[in-house]
Amino acid sequence: MTIVHDSVPTDLVGSVGLRGPRRDPAPLLPDAEPLRVLGTRAAVTGDPDLALDLYSRLVLGRRFNRQATTLTRQGRLAVYPASTGQEACQVTAAMVLADQDWLFPSYRDTLAVVARGVAPIDALTLMRGHSHCGYDPYEHRIAPLATPLATQAVHAVGLAHAARLRAAADPRASAANVVALALVGDGGTSEGDFHEALNFAAVLRAPVVFLVQNNGYAISVPLAKQTAAPTLAHKAVGYGMPGRLVDGNDALAMHQVLTESVAHARAGRGPVLVEAITYRLEAHTNADDATRYRSAAEVDDWRTRDPLTRLEAHLRAHGQLTDATAERLAAQAEELAAEIRAQFEAAPEPDPRSLFAHVYATPTSQLREQAADLDARLALDAEFAADNSHNFDHTDHADHAAEGAGGQLDRDHDGRGDLR
Amino acid sequence: MTIVHDSVPTDLVGSVGLRGPRRDPAPLLPDAEPLRVLGTRAAVTGDPDLALDLYSRLVLGRRFNRQATTLTRQGRLAVYPASTGQEACQVTAAMVLADQDWLFPSYRDTLAVVARGVAPIDALTLMRGHSHCGYDPYEHRIAPLATPLATQAVHAVGLAHAARLRAAADPRASAANVVALALVGDGGTSEGDFHEALNFAAVLRAPVVFLVQNNGYAISVPLAKQTAAPTLAHKAVGYGMPGRLVDGNDALAMHQVLTESVAHARAGRGPVLVEAITYRLEAHTNADDATRYRSAAEVDDWRTRDPLTRLEAHLRAHGQLTDATAERLAAQAEELAAEIRAQFEAAPEPDPRSLFAHVYATPTSQLREQAADLDARLALDAEFAADNSHNFDHTDHADHAAEGAGGQLDRDHDGRGDLR
Amino acid sequence: MSGAAAVTSEPAGTPAGRPVGLPAGEPAATSMTMVKALNLALRDSLRDDPTVHILGEDVGALGGVFRVTDGLAAEFGPDRCLDTPLAEAGILGTAIGMAMYGLRPVVEMQFDAFAYPAFEQLFSHVAKMRNRTGGRMALPITIRVPYGGGVGGVEHHSDSSEAYYAHTPGLHVVTPATVADSYGLLRAAIASDDPVVLCEPKRLYWTTGPLEETAPIGRAVVRRTGTSATLLTYGPSLPICLEAARAAEEEGFDLAVVDLRSLVPFDDETVSAAVRATGRAIVVHEASGFGGIGAEIAARVTERCFHQLAAPVLRVTGYDIPYPPPMLEKHHLPSVDRILDAVARLQWEQ
Amino acid sequence: MSGAAAVTSEPAGTPAGRPVGLPAGEPAATSMTMVKALNLALRDSLRDDPTVHILGEDVGALGGVFRVTDGLAAEFGPDRCLDTPLAEAGILGTAIGMAMYGLRPVVEMQFDAFAYPAFEQLFSHVAKMRNRTGGRMALPITIRVPYGGGVGGVEHHSDSSEAYYAHTPGLHVVTPATVADSYGLLRAAIASDDPVVLCEPKRLYWTTGPLEETAPIGRAVVRRTGTSATLLTYGPSLPICLEAARAAEEEGFDLAVVDLRSLVPFDDETVSAAVRATGRAIVVHEASGFGGIGAEIAARVTERCFHQLAAPVLRVTGYDIPYPPPMLEKHHLPSVDRILDAVARLQWEQ
Ligand SMILES: Cc1ncc(C[n+]2csc(CCOP(=O)(O)OP(=O)(O)O)c2C)c(N)n1
Ligand SMILES: Cc1ncc(C[n+]2csc(CCOP(=O)(O)OP(=O)(O)O)c2C)c(N)n1
Ligand SMILES: [Mg+2]
Ligand SMILES: [Mg+2]
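Protein chains in written order, with our numbering: chain A, 39 to 458; chain B, 39 to 458; chain C, 7 to 356; chain D, 7 to 356.
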């Protein structure tokens with residue numbers, strides 16, 4: 039069995055020629071309105087356990103965002119792009135994936151990474167400035183957080199394609215039916231890589247779900263300057279995949295659409311593009327000053343659509359959330375926050391010798407020379423530090439270069455470059 | 039008056055939020071069938087002069103393609119990517135533009151360049167291997183033929199945007215209402231630059247017409263491996279611009295759709311994406327062996343839809359083409375071919391000293407040193423050639439490097455790299 | 007000839023003679039940050055030349071992530087300072103089209119590593135257009151690239167990419183190390199009829215200094231004379247080299263320091279003279295050493311000054327590794343100690 | 007640990023001991039073109055290792071525009087040799103994802119200049135992934151880039167882009183100059199657990215030679231010994247250097263010629279020894295000289311061999327201009343005459 043032959047959609051109604059569309063575009067177009075479950079009958083008839091489960095994850099997620107933001111103020115994180123307000127997207131993205139599936143997060147998606155099981159300290163290693171990726175991608179089946187926008191969407195296609203190839207080569211392999219979920223922002227959809235990813239996925243019929251968290255802004259740039267499309271979900275038709283539009287602040291709707299999309303991909307029916315309409319309630323990162331580009335009124339308006347309060351209101355209205363449960367959840371959230379703080383206390387410094395260890399499988403002779411140079415320098419520094427341990431007044435040339443770096447973290451943050 | 043404020047489409051029905059699509063997608067979607075005029079009532083009731091004019095241009099265009107292909111066989115062109123079979127696209131692309139408009143051709147569009155008034159020898163300078171762009175872009179308002187695929191589509195957006203900016207700054211300027219027409223192939227639509235060009239154009243509401251000549255192949259790769267979209271024109275909706283589908287081998291239909299699209303752009307209503315369904319009857323270039331990837335039967339099938347024979351049949355059927363006219367056109371075509379051959383006979387060799395003249399406005403000191411080095415070498419060569427003019431047997435080291443190059447042009451062409 | 011062509015071939019508006027960028031009355035030597043100086047250079051260019059247009063990500067209301075375009079959209083309107091969609095090839099490609107029509111676009115790449123998506127447009131068009139068209143079509147585009155490390159940026163925010171630019175014929179590549187030069191070089195870049203990549207050392211963005219004159223593209227400047235050996239450096243490493251020179255005094259070495267400013271065109275005259283004067287030289291830069299611009303400098307200095315050299319030209323550069331995470335970057339960056347070590351290795355005991 | 011991870015960390019299939027790529031019975035020294043040798047290397051790799059997958063533009067039915075993948079889709083099926091959509095970042099990004107899942111993708115970039123759209127994926131991910139993940143995620147990707155001129159290619163078809171790759175830590179960069187090495191280096195690249203950029207000299211595609219062994223990544227080879235001076239070169243310029251060495255004999259010079267083969271890792275040992283043996287050296291390559299790899303070679307050779315050098319290391323390279331049109335390329339390319347001129351400038355009359 040070959041995958042590539044398989045990739046020509048069975049619903050093609052003709053080949054290139056003068057016969058018009060090769061497939062009917064209608065089923066690919068998103069609904070006119072974003073899917074909502076909260077406030078509809080479906081919310082009432084749906085599984086109450088799921089709703090409560092989602093709510094508890096939102097509570098933890100919110101607390102995670104708050105703790106991380108606090109850590110930036112303490113200078114313990116170099117930077118943190120909070121997903122506050124987008125927790126419904128983050129936690130459902132992690133929930134709907136099976137164990138063998140892969141998540142391709144972007145730099146704002148630390149919470150999704152934690153929700154899939156990575157220890158907070160490891161998920162935040164990048165933001166700490168400690169090392170580039172603090173977790174083992176293979177242990178959790180999560181690619182490193184991607185900073186260059188939309189690049190990870192292409193990787194998701196390649197991985198999903200490879201999984202199909204390997205499953206085809208050995209149908210009994212446990213790797214069968216892997217789905218990749220790629221997270222992209224509304225701004226990221228403008229990058230060429232986004233386009234190439236969607237096109238490759240559709241042509242290869244790769245099992246990928248592209249979830250665009252449309253939070254209305256790319257740093258300061260509002261959606262209206264990013265695209266003139268009816269919706270971002272409408273882009274799907276241009277690739278021949280279905281586009282779905284969903285209320286990203288409705289955890290029940292998010293869960294439903296992502297579950298359906300993952301099932302679609304897993305069934306071999308090709309990729310799906312999901313646009314979740316949401317809002318980032320905090321600034322772009324702690325280094326950003328959001329008042330420069332949006333009004334307090336706009337933010338306040340979106341606070342009324344906070345995914346937590348909406349789900350909480352629903353649960354309370356239907357007697358599915360008692361004060362006791364709410365208190366228990368709040369306590370769990372505090373535990374999580376305390377655990378994060380403890381992990382930060384205990385976290386070791388990075389070892390400078392690691393700089394040369396993983397450039398190649400085996401260091402080149404040039405790197406060995408350079409590593410030796412650094413080793414010698416470190417040894418000298420250690421000696422010097424020992425000699426001077428009682429004297430804090432000395433001029434340590436070797437530390438000079440670090441001053442700039444360390445210095446930055448303490449300064450006023452507006453205009454520090456939003457280092458994400 | 040500012041352009042950028044102006045760029046938010048007036049038909050937006052809301053801003054980002056939970057209010058669903060910001061504009062109605064329906065008018066952006068292409069028709070289900072490619073527009074055809076030939077064989078419909080419109081062809082009969084249309085302007086017979088236009089039809090005959092189009093036909094005469096097709097005849098000249100076809101002869102141009104044939105002559106250029108012959109020049110490759112004689113080694114007088116390094117390479118030629120023929121547009122044989124696509125002449126209806128090529129000549130209408132040039133025809134529908136006003137004097138102030140700009141054409142952004144891709145490497146297969148030499149014919150469109152000639153149709154807009156560039157002397158054949160200048161349009162073919164690139165393919166001769168003489169110099170990179172043989173015409174003055176400002177004289178003809180034609181960008182250099184672009185080889186890196188889809189890159190020129192972005193330039194078209196920038197130029198059209200700049201023209202609007204300058205017209206806004208000085209409304210009486212003659213530069214007002216410039217339209218840019220960018221030519222892209224079906225393969226080129228997969229590049230990230232295509233995506234970015236369409237998005238920028240739509241967001242800036244730039245007056246650009248993107249014409250995709252879908253000839254079914256990107257070198258050897260058929261459309262079905264290039265995209266899974268219903269049609270390429272469906273991509274338009276994802277950018278918020280109208281998509282149009284047209285029979286690219288129907289010159290009347292091409293003329294109509296491009297005229298309408300240019301008018302749309304010129305009126306300030308933003309960009310348009312046009313997909314013309316056509317076929318390249320020859321190999322990708324003279325260096326290509328098309329039998330490796332498509333059948334003779336397929337090519338023969340498309341010969342029955344040749345844009346020339348279709349328009350000729352229509353004209354003959356309605357008594358609009360007499361034998362006398364046909365003979366006159368054939369004679370004109372032979373004149374064109376003879377003129378091209380004469381231009382090639384008379385064309386001078388390039389001057390090696392030009393290599394350093396146009397790297398910067400003023401050569402750097404480094405380039406002046408290098409130019410002096412080459413000058414000295416050329417002087418020595420000239421001396422040496424004079425001394426040895428009676429002796430063809432000498433070993434001229436300086437010419438060694440050229441052997442490889444010259445040699446390539448004479449060899450069997452299959453697999454020579456399709457140097458486009 | 008169209009109107010556009012005429013504009014392109016007109017001499018570019020060069021900065022006028024008045025005290026640059028300062029409100030009337032302010033003393034000419036007012037000290038300001040590099041960010042502010044760059045901002046003033048943009049403002050003065052927008053004011054002096056109506057064909058100047060800024061475009062990039064977040065350059066409008068936000069004023070850029072480093073605030074270099076602060077206030078410009080408000081003052082000159084969104085047409086002159088345009089927030090684009092998030093796509094670097096789109097930004098640079100659009101700038102190319104604008105330049106074709108006679109404008110002078112100034113493009114901001116948000117960070118070094120985010121310029122990479124624009125490399126095809128840069129290498130295949132920006133660098134080559136004048137040459138491709140036999141001199142008929144110039145692209146007077148300025149590409150501003152905040153570069154280098156030392157600011158605690160996470161991965162992809164601290165690359166030193168100048169060698170890629172400098173190896174590409176058709177581009178000018180300049181990099182200021184002082185506030186004065188940041189103003190001067192940016193104005194000169196915008197006024198140039200050639201495309202110029204302005205590599206802005208982000209670790210020096212918040213250094214302060216006086217604003218004086220324009221800086222010519224193509225001229226290095228001797229920042230410190232000396233007799234023992236010559237440090238050749240640029241951009242973010244200049245302050246380190248000056249500090250190393252001061253520290254070396256204690257050890258009895260008198261180091262000259264040359265600030266290259268312009269990588270392309272390269273100022274062979276100034277550099278060779280400075281190296282000949284001491285007979286020893288060290289190139290210092292942040293970028294990885296292998297295939298870095300320091301190699302070019304060492305090679306060409308050696309070609310030109312071979313018999314005046316008492317020791318090989320040494321290099322103190324970033325290691326040949328991906329840029330490290332913030333907590334480790336101090337080990338990677340050239341430091342005073344590493345420079346002093348190199349000085350010690352300059353074969354004094356021959 | 008997932009299955010994918012296990013596969014990634016398994017030792018790569020190294021070429022087996024049998025006569026490489028030849029049908030049983032054929033003599034081992036059969037002469038063939040470089041295109042054919044590369045084709046055989048791919049075929050043998052596909053056959054020996056089920057995780058090897060080829061992807062690129064036109065690599066399927068057409069067999070690539072240079073026919074390097076001829077017959078592979080037919081023999082191994084479209085899954086193993088995939089015609090992709092026309093988008094280089096998409097191709098390389100997809101290969102990254104495939105490598106993450108334990109495959110060994112071999113990517114064909116159709117021409118040098120058409121690799122530029124993939125530079126963000128290359129610089130920010132391919133080169134860095136192992137480092138970013140603390141060694142946990144390797145990307146054993148081979149990137150084949152036909153490069154250089156001399157084949158009459160129109161603009162954008164003759165760039166020499168090796169310096170961009172070589173300056174990017176995390177990539178290996180190799181380039182064969184002989185048919186034997188083309189087979190050996192491609193097999194070694196595919197077997198490597200690191201990403202390897204294989205720069206294939208297109209002007210040598212149709213040269214013929216015997217097919218022998220595998221070539222190790224990281225080792226230069228002395229192609230000709232000599233006593234007067236050492237030519238350091240690689241890829242497309244090796245035949246010119248060998249011819250120059252023969253021509254120099256007439257003028258009384260005995261030139262050594264070193265074929266670097268591997269730009270990264272660089273074989274300092276072989277190169278320094280060869281230069282010390284003669285005391286004079288010239289680097290020859292097609293790429294523009296400024297910031298080219300020749301600068302690195304000149305700089306590091308000088309650092310290591312300073313006191314054995316009787317003259318500065320000279321460079322014979324392409325000029326600092328965009329690659330010329332076919333009718334003029336002979337003037338740009340290093341030629342025997344230009345090399346002999348450089349030899350004459352090696353200060354013989356000290
Ligand atoms: C290729 C690239 N260009 C620019 C940046 C700088 N940058 C980081 S985040 C960001 C905005 C992203 O917006 P969006 O995709 O909407 O995601 P959000 O921040 O809203 O989650 C920008 C421009 C980058 N990381 N990568
Ligand atoms: C960026 C880039 N990648 C690859 C190529 C090599 N190439 C030249 S033409 C071609 C196929 C183009 O197909 P299409 O866009 O359909 O145009 P057509 O040849 O059919 O006119 C390819 C792959 C190129 N010129 N530019
Ligand atoms: Mg966003
Ligand atoms: Mg095509």
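Do not take every clue at face value.
Derived contacts from chain C toward chain B, CB cut-off under 8 angstroms, selection only [claimed, not checked]:
id: 1; residue: 67
id: 2; residue: 77
id: 3; residue: 80
id: 4; residue: 91
id: 5; residue: 93
id: 6; residue: 131
id: 7; residue: 186
id: 8; residue: 245
Everything labelled a hint here was simulated from the structure, so no lab data went into it.
What you are looking at is a predicted structure, and each value in this text was computed from that prediction instead of being measured.
Glycine included, C-beta positions come from ideal geometry on N, C-alpha and C.
Task: Violating hint indices (sorted, rising) - done: Hints 1, 2, 3, 7, 8 are the ones this structure does not satisfy, whereas the remaining hints hold.
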